Amino acid sequence: MQPFLGELRVFSYNFVPRGWLACNGALLSISQNSALFALIGTQFGGNGTTTFGLPDLRGSVPVGQGNAPGGTYVMGQFSGQETVSLSIATMPAHNHLLKAQTVTGTVQLNPAAPAEILAPGARNLVPDVINMYSNSNAGLTALTGNTIGANGSGTAHENMPPFLPLNICIATAGIFPSRN
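Residue numbers 408 to 587, in the working numbering, belong to the letters of the sequence shown in order.
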């Protein structure tokens, strides 16, 4: 079956067959490839006077052109990003709950004799009993906005679905397609 000129095909081998070129963004001479230029023009690059570009599908996924949910896709226009850095501005509004509860209790510390834990001549500054918890609400401090805040490094993360590299080529020989 003879391909249409300008048709793209995916090949499962690592070479470009005769009559095809790799979709790698290469610039071609208009004078040597006038029929292909008549079909694709400069939508993939080139100056339109002496050169035109092939589609560059390295690391890209082809998407149908036109209006679709989420946007309008223009033939030959790159879109999307391989990596994304999230920031406070790009994250949806959300909250993090801080759960806490009141616990009552008393802990007594009875430090060892000063001679056992202090250097000679030092003083023991710890009282005999330390009450680590309070039985009243007096002196409690509410958390402030500075206690819980933004976190993270801002490092970009990969933004690509699973993929399988294959050899995508464009036909440079074949049937010139007629327009409907």
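In case anyone wonders, no lab produced these hints; they're calculated from the structure. The model shown is predicted, which means the values in this text are computed figures rather than measured ones. Accuracy of the hints is not assured; some may be wrong.
Said to hold, decoys possible - Between beta-carbon pairs, the in silico distance windows are:
#	residue 1	residue 2	range
1	Leu428	Gly487	21 to 27 Å
2	Thr456	Gly487	27 to 33 Å
3	Thr497	Leu573	30 to 36 Å
4	Leu428	Asn587	39 to 45 Å
5	Thr449	Leu493	50 to 56 Å
All C-beta atoms, glycine included, are put in the ideal place defined by N, C-alpha and C.
Hints, verified against the model:
no. : hint                         : result
1   : Leu428 to Gly487: 21 to 27 Å : 24 Å, holds
2   : Thr456 to Gly487: 27 to 33 Å : 30 Å, holds
3   : Thr497 to Leu573: 30 to 36 Å : 32 Å, holds
4   : Leu428 to Asn587: 39 to 45 Å : 26 Å, violated
5   : Thr449 to Leu493: 50 to 56 Å : 36 Å, violated
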